[in-house]
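Top line first, the protein sequences correspond to chains A and B.
All residue numbers for the first sequence refer to our numbering, where the first residue is 31 and numbers rise by one.
All residue numbers for the second sequence refer to our numbering, where the first residue is 43 and numbers rise by one.
Hints in this document: simulated from the structure, not taken from any laboratory.
The beta-carbon is built from N, C-alpha and C at its ideal position, and this holds for glycine as well.
Hints are not guaranteed to be accurate.
[Unchecked claim] Here are some of the chain A residues that sit facing chain B, going by a computed Cβ distance under 10 Å:
#1 68
#2 77
#3 255
[Claimed, not checked] Residues of chain B clear of chain A, computed beta-carbon distances all greater than 12 Å:
#4 67
#5 75
#6 269
Below, each chain spelled out in residue letters.
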Amino acid sequence: MPWGEFKDTAAERRLFQRRTLVMLTFVLVLIGALLARMYQLQIVEHEVYTTLSDKNRVQVQSVPPPRGLVYDRNRTLLAENRPVFSVTLVPERVDGMAETLTQLDRILDVSEEDLERFQRRLQEPRRPFQEIPLRYDLDEQEMARLAVHRHQLPGVEVKAELVRYYPHSELTAHALGFVGRINRDELQRIDPVNYAGTNYIGKSGIERFYEEILHGQVGYQHVETNARGRTLRVLERENPVPGEDLQLHLDLRLQKRAHELLDGRRGAIVAIEPATGGILALASVPGFDANKFVTGISVAEYRELSESKDKPLFNRALRGQYPPGSTVKPMMAIAALDSDATTRDYTIWDPGHFRLKEGGRLWRDWKRGGHGWVDLMDAMAESCDVYFYEIAVKMGVDTMYSYLSQFGFGEDAALDVSGALSGLLPSRDWKRATRNEPWYPGDSVNLGIGQGFMLATPLQLATATSLIANRGSWAEPRLLKDIDGDTSVSGFLPDSNHEPLKLKDPSDWEYVVETMAEVMHGRKGTARRAGAGAPYRMAGKTGTAQVFSLAEDEEYDAEEVRERLRDHALFVGFAPVENPEIAVAVIVENGGGGSSTAAPVARELFDAWLLEFQQSDDEALVGSVDSGGGE
Amino acid sequence: MALHDFIDSTATNPLGRPRGIWSALHLDPILLFLLLVLVSGGLFILYSGADRNIDVVKAQGIRLGVAFVVMLVFAQLDPSVFRRWAPWLYVAGIAALLAVLLVGVGAKGAQRWLAIPGLPRFQPSELMKLVVPMMAAWYLSRHFLPPRFRHVIVGLAIVLVPMMMIIQQPDLGTSLLVGMAGLFVVFFAGISWKLILAFVGLVSVSAPMMWFFVMREYQKQRVLTLLDPQSDPLGAGWNIIQSKTAIGSGGIDGKGWLQGTQSHLEFLPESHTDFIVAVLAEEFGFIGMLVLMLVYMLIILRCLYIAATAQDSFSRLLAGALTMTFFIYIFVNVGMVSGLLPVVGVPLPLISYGGTSGVTLMAAFGVLMSIHTHRRMISA
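Please model the entire structure based on the sequences and the hints provided.
This is the structure:
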């Protein structure tokens, strides 16, 4: 049939046109529906989707403040911040986790521990596209190797963060303390807003005590991110307030000297500037590298440190509690004079031993044959035990307790030294409470020469010594010297709370200081060899503390036992006598006699502080004046 | 009816008739102008949707250039050529679809392409968007219209056979468009409203059966996701949530060209292909959407006018069906991006990047121009 023939073309056309109108209506209705939908989304629900869109793209990130630096008194940097690079993986972007890890292991030194920690984190719930750290603290070679292979490792990223660094690691570990990763307990304590971007917190020492000042205030930035969570640009930024820099009283040169003097031995040195209470040196030897603790020490390394017999992690200067031995005699002398238990002229006969009553228990003097007739001056110079036995019994425990506590024994008198222990100053009540026994006169005898129950830390001994150097006025020990900027020190340093020790006859101070000078310079002085040939006068007192017991489960070979049963050598003193600039306490564990081991250490410190450093400071000063003179 | 009078009157109005150079080139200046407006505007949106990748815009420009040439070629052919070739093209098309199912090459789990050595890889299902309405128009226009029942049945069979073959590939989007193209021919031929109602009834009854026996798991998932995008916010629902967010955050006047955050920050998937309308909606807002819809509307009006003024049944049916297919593209794409319809792979006509759909669409406009510009010669 040919096209178009026998057909009513006009009718067909009208039919088609009617259908076209129907379709046109259909089209109009549906386009209207689409536009209605657009109206609904773009105008009616516009707000909802704008919020969604902003939430999509804008994220608020916290910007951690850089931690304040710590300087010593000569503005030598003790604690700084150093960029540390770590490798992180974004699992969503890694193709083939196993191969990637194998390849990374070839490029970097990835330990079993790192891998385990990574796998553990991988199992934990987390946000999509959140990175998981694999290894911290890459060295330059590793960074370079990683850069070369970067294109083969999608999802592997290098992240930088500022991490605490202690350039004088071993020297300052015990004095400054250190920071470490925030742990679960600390997480409960800290302000979650201010620490939102911070990974590290002060764990001990200055870092812990001044955490608030050193940390600073967190900053914020609004960043635009893409769907994969990558930051594209910063929209708005509120800068963090960096932590304040601290200047300490510590003198790194003296600190270094202290470490050198104790090198190879175990012991502690605390040096204080009497006028201010500023701690010039706070050494505990052996030390350790605090930097290892910052990013996380390995289990093996920690075990080595914690199980070492020399206990390098133990801060002897603050927490080592030793019987003070004869170093307590100057304080006893003050107490005895002021409480009229003795006078400057009072003389006793020392036969080499002491008895409370006829036929009673015998207390020996360190010198078998005795010192003969001795007054207070001789008793101090020769360290006569019997003299002090006698005045101790005369004073009784209550008087001794009262005076010794005014010297700071039995408490943590330091203002800003965290972790210091308070030692043990026995009293009648203490003995009743802990031993359920009365105080016997024999206990007083022991206490008179710093033995028996009494325990003191090197820091306490140095504090008490500097009180004598100050002739009774208190300057509590402190590390902080200054805070940079406008922040005042007094706002952050706790209030001093000690009354000056006032004597009925203030010249008793001078007299006791003279007895201590006699120790150093007197013909019979126990430390006369250490004091010989000095261009300045010094005051001091040697001491020897018996090592009482060893823990039963500790195993030593015979050699070790002998060495470790030897007495601790102690020394306290200050110099110059007339205008004290430095007071020290020295303890050398198992060092034997105080006069032979500890006193020479103190002499070296005095020389360094009064002669050597002063001179180099003067030279530096002259030099700077010369260059600044512009002539 | 006023509109009816309008079309009837313009049918005899010499104003709409091609003249001079346009007649010689067999191009319709009004349709050509509207298409150029659409395509050039589309390239601007594509530049933004492709995240300022000028290479994508260049490639699309070249592809559209080719499509315009194809349109030009189709416009030169007399409509009787399409009519005469329709059965042979249809048979060849069915054979090609069969070949695709047997030896086709695939991507993403679907076999859609036929790789014949020596020829560029092509998608036979794409050609069927033209061939099926041609064949249906050829068949139905041989008989008196409105068609008898048996002719309707045969007409439906012509449509359903390739449609089912394309569903097997599987390619729901193309199958839908091919099916619609054929059904529009049947509708324009004047199938009785009773049959239409019966057909609609049949579809609504068979829909649940389709759900259980025909639809694949991923297709069901798309429908479920449409109903509740939040059920799978990072998976299948992501696309819908993100595109709705893009559209909604555009507001009345949009965020400005190249300023759309949803698309440029990679939240919006396929921002330069199927979801490009979301880019437009985000950057040009409701006003941009109104303009786009207006341009599309004018193109459809012009095409329906061409169909209404065509001089034989075959041309009318073909022109009407091709126009409505073009509209279905728009409706399905915008409906899916705005979350009204399930996500099926249908591009926004002449704006989305890639695919052969641009060439097919321009070929269809070529056919329409041919129908319009060869009119006078037939009637003369």
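Comparing the hints with the structure gives:
With a cut of 10 Å, the hint placing residue 68 of chain A at the interface with chain B holds, because the nearest CB-to-CB distance is about 5 Å. For residue 77 of chain A, the interface hint holds, since its Cβ comes within 10 Å of a Cβ in chain B; the closest pair sits about 9 Å apart. Interface restraint check: residue 255 of chain A against chain B, minimum CB-CB distance 7 Å, threshold 10 Å, status holds. Distance to chain A confirms residue 67 of chain B as a non-interface residue, since its nearest Cβ pair spans about 26 Å, more than 12 Å.
The non-interface label for residue 75 of chain B is consistent with chain A: the shortest C-beta to C-beta separation is roughly 20 Å, beyond 12 Å. The Cβ of residue 269 of chain B lies farther than 12 Å from every Cβ of chain A, with a closest approach of about 16 Å, so its non-interface assignment holds.
The structure fails none of the hints (numbered hints given earlier).
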